[in-house]
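S.K.: Here's the letter readout for the chains.
2 protein chains.
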Amino acid sequence: MNIVQKYGGSSVESIEKMQNVANRIIRKKEEGYDVVVVVSAMGKTTNQLIEMAKKITINPSQRDLDMLMSTGEQVSISLLSMVINARGYESISLTGFQAGIKTEGIHTKNKISDIEIDRVKKHLSNGKIVVIAGFQGMNEDGDITTLGRGGSDTTAVAVAAKLECVCEIYTDVDGIYSVDPRIYPNAKKIESISYEEMMEMSSLGAKIMETRSVEIGYRYKVPIYVASSLVDVKGSLIKEYDELMENKSITGLTISENVLMITVINVPYSPENISAVFSKLASKDVNIDMISQTSPNNSLVNLSFTTSKDEEYTVMEVMTQLKNQFAHIEIQKDIAVTKVSVVGMGMKNQSGIAAQVFKLFADNQIHFKLVTTSEISISYTINSADKQKAVSILAEAFNL
Amino acid sequence: MNIVQKYGGSSVESIEKMQNVANRIIRKKEEGYDVVVVVSAMGKTTNQLIEMAKKITINPSQRDLDMLMSTGEQVSISLLSMVINARGYESISLTGFQAGIKTEGIHTKNKISDIEIDRVKKHLSNGKIVVIAGFQGMNEDGDITTLGRGGSDTTAVAVAAKLECVCEIYTDVDGIYSVDPRIYPNAKKIESISYEEMMEMSSLGAKIMETRSVEIGYRYKVPIYVASSLVDVKGSLIKEYDELMENKSITGLTISENVLMITVINVPYSPENISAVFSKLASKDVNIDMISQTSPNNSLVNLSFTTSKDEEYTVMEVMTQLKNQFAHIEIQKDIAVTKVSVVGMGMKNQSGIAAQVFKLFADNQIHFKLVTTSEISISYTINSADKQKAVSILAEAFNL
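Each protein sequence line maps, in turn, to chains A and B. Each residue of the first sequence is one higher than the one before, counting from 1 in this note's numbering. Each residue of the second sequence is one higher than the one before, counting from 1 in this note's numbering.
Certain hints may be false.
Said to hold, decoys possible - In silico SDA-like cross-links for lysine to any residue, where the CA-CA straight-line distance does not exceed 20 angstroms: (1) A/K28 - A/I115; (2) B/K122 - A/N139; (3) B/K44 - A/N139; (4) B/K102 - A/G88; (5) A/K54 - B/K122; (6) A/K55 - B/N20.
Claimed, not checked - Footprint (simulated), chain A over chain B, 3 or more residues, beta carbon under 8 angstroms: (7) 73–80; (8) 93–107; (9) 319–333.
Keep in mind the hints are simulated off the structure, nothing from the lab. Glycine included, each C-beta is placed from N, C-alpha and C at the ideal position.
Generate the whole structure from the sequences, applying the supplied hints.
M.R.: See below:
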């Protein structure tokens, strides 16, 4: 039976840690599994490589940057494979392209288009442990590419999809929690969670896995087990939604503090004007998260939206242009805001979650500024000062 | 017109040094050349990577070691290419396999079997500066391989052979000297030297280039220009032998101090016994350099041979076995010996060089122990104490 295990940078940051990782890999092999291991670059290597490039220019050629960054995982796979080989188990290290990872898109942000899995399968059938460099592949032109943030998870889940097996993600946390335990220490570990909920939580700011890795798992029905590489405690399983999960209306709560809220006051109301604001932002590649618009009053409307704090400079540039266009508008900027979201497949069938949250907030004098909803989540923008209180109230109310 | 430039590890050990290298590359480009650059790993990177591997085991899996070491040049090419791109010239970095370098043999000591040069040619014809990782390639199985000592020179000369152009080797010395200037400061820089002489000098211990790089140059008639990457002075050209070079009987003098001399006394004379000694050494992969045998006396002969000091442990093991076989032999070990060789195509046509050297040694009380000759060289093993004197006498006599 095949299994894919992925180990992140902190799990392989030293030879000593690699020895621990090798223990886990060998244990699986001894249990009879054909083991594929996907690894990230050691510790902070990727950042150090980027720092080197930044010494040359703040805007290094992206193809060269991929060439540079991909060495990080290549070092990891060669050393980890040496460790396994030295322990008397046959291991083979493969770069992304050697493992058949084909990618497309722009450099430093490629996507996996396909995996030619034959070479991996051949080594597995010869009894070898296959150690694959995460985060990288090769495009149609034969250029080395990288997959962007969370790329090693993507590699692992995609390989597991091709091998039709479970994917185990080993990291420095011991599972998925209903709430970030650093903010709410009583948070409960989730035994199992549906792909949909996990995707929603990831895209709402939970940092445990990137949305697109979970999305690949969802599309190809790859069970993803998230656990600690350091301690031997039970982790969390991301899998298809089933009836047993339905007991809870809310599965998790995510908190995002990287929120910039902008309010544009007194925009002369017309669909063209509203559209102009967001077209301008889109043309600068600013990703808008939440939007709300008041109803027109004297043919004027107020518009609020949120985006990432990283976009502050670009957004304010656009706002200045806007003020030139509409002399009477006012711009308000708020960075002391936090987005709190509740997520749960149970919302599909249970109405009234939003009402329940509104009541909890009202009873506890928590003001919220923007609200958006999806089929399985509701997000609220609140003052950052109320974050801790809001999280505790919601976590207790929904037993998270 | 094409040109290949190779820069060694010390020439690219920092971003600052890479900027200097970029100056030279860009100058050639501006002169109208289509430039291919071959680079080594930065500074001592390769040794550092080997040290990491040695922390795991003294005998790391060789395929993994190649995978590890090859990252060194990959870092160099990506950074150097970024430097060139940032200066406004179009550059493309290629790993060994991307540049079409096909290899065969055992890991860490592969040889180039062929180069599929089309990709390099395509980029050149698009006006790009092509930056290739030296020292590495890919074998038939699609494994990343390395080429052993001097591998980046080999890559550079082989690429120049395919492109039918000159190969410039930039290093930390400013040319080829008739004698190692660290031992004989008055040594003259050689303006041009034949492939045959350079191969002979390399194999006799001159460290400037590995024999096999010169050999590829010889086979494919690639002019090889050796010069400094730091200062702008004229270097030395390795090229086909021509009549003008014939003025001198001796072109160069090499000194090797990595010599272990063993003398086996009182071996019962028979071709089988002599053969047994060298078969045993060969079976342990000990490379024998010079051999001399006295004529039999009372059916006993004395045998002397030299090898590298690195082989001492293995050689002495074999000698112990030999003593078990022949009770009456005696073994003498001498590590205080130096091999001095004179090299020159002129020897082919001028007789009496050996006699001239013998007389010089006799006049100056220099004892020599072993003598071997090839068509264009004569090597003498002398006491290390006499090295400086012997070198001066020979250099002066032959105007080196």
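S.K.: Please count how many residues of the segment 93–107 of chain B have a CB within 8 angstroms of a CB from chain A and say whether that reaches 3.
M.R.: holds (count 3)
S.K.: Are A/K54 and B/K122 close enough, with their CA atoms no more than 20 angstroms apart?
M.R.: 29 angstroms, violated
S.K.: Count the residues of the segment 73–80 of chain B whose Cβ falls closer than 8 angstroms to any Cβ of chain A, and tell me whether that reaches three.
M.R.: holds (count 5)
S.K.: Given that the segment 319–333 of chain B was listed as covered by chain A, double-check it with a C-beta distance under 8 angstroms for 3 or more residues.
M.R.: violated (count 0)
S.K.: A/K55 and B/N20 were given as a pair; does the straight-line alpha-carbon distance stay at or below 20 angstroms?
M.R.: 15 angstroms, holds
S.K.: Hinted pair, alpha-carbon criterion (20 angstroms max): B/K102, A/G88. Please report holds or violated.
M.R.: Roughly 30 angstroms separates the two Cα atoms, so the pair is violated.
S.K.: Measure nothing beyond the straight line between the CA atoms of B/K44 and A/N139; if it is 20 angstroms or shorter, mark the hint as holding.
M.R.: 32 angstroms, violated
S.K.: Can the restraint linking A/K28 and A/I115 be considered satisfied, given a maximum Cα separation of 20 angstroms?
M.R.: Distance of about 24 angstroms is beyond 20 angstroms: violated.
S.K.: Is B/K122 close enough to A/N139, meaning Cα to Cα at most 20 angstroms?
M.R.: This hinted pair holds, its Cα atoms lying about 18 angstroms apart.
Comparing the model with each numbered hint stated earlier shows that hints 1, 3, 4, 5 and 9 do not hold.
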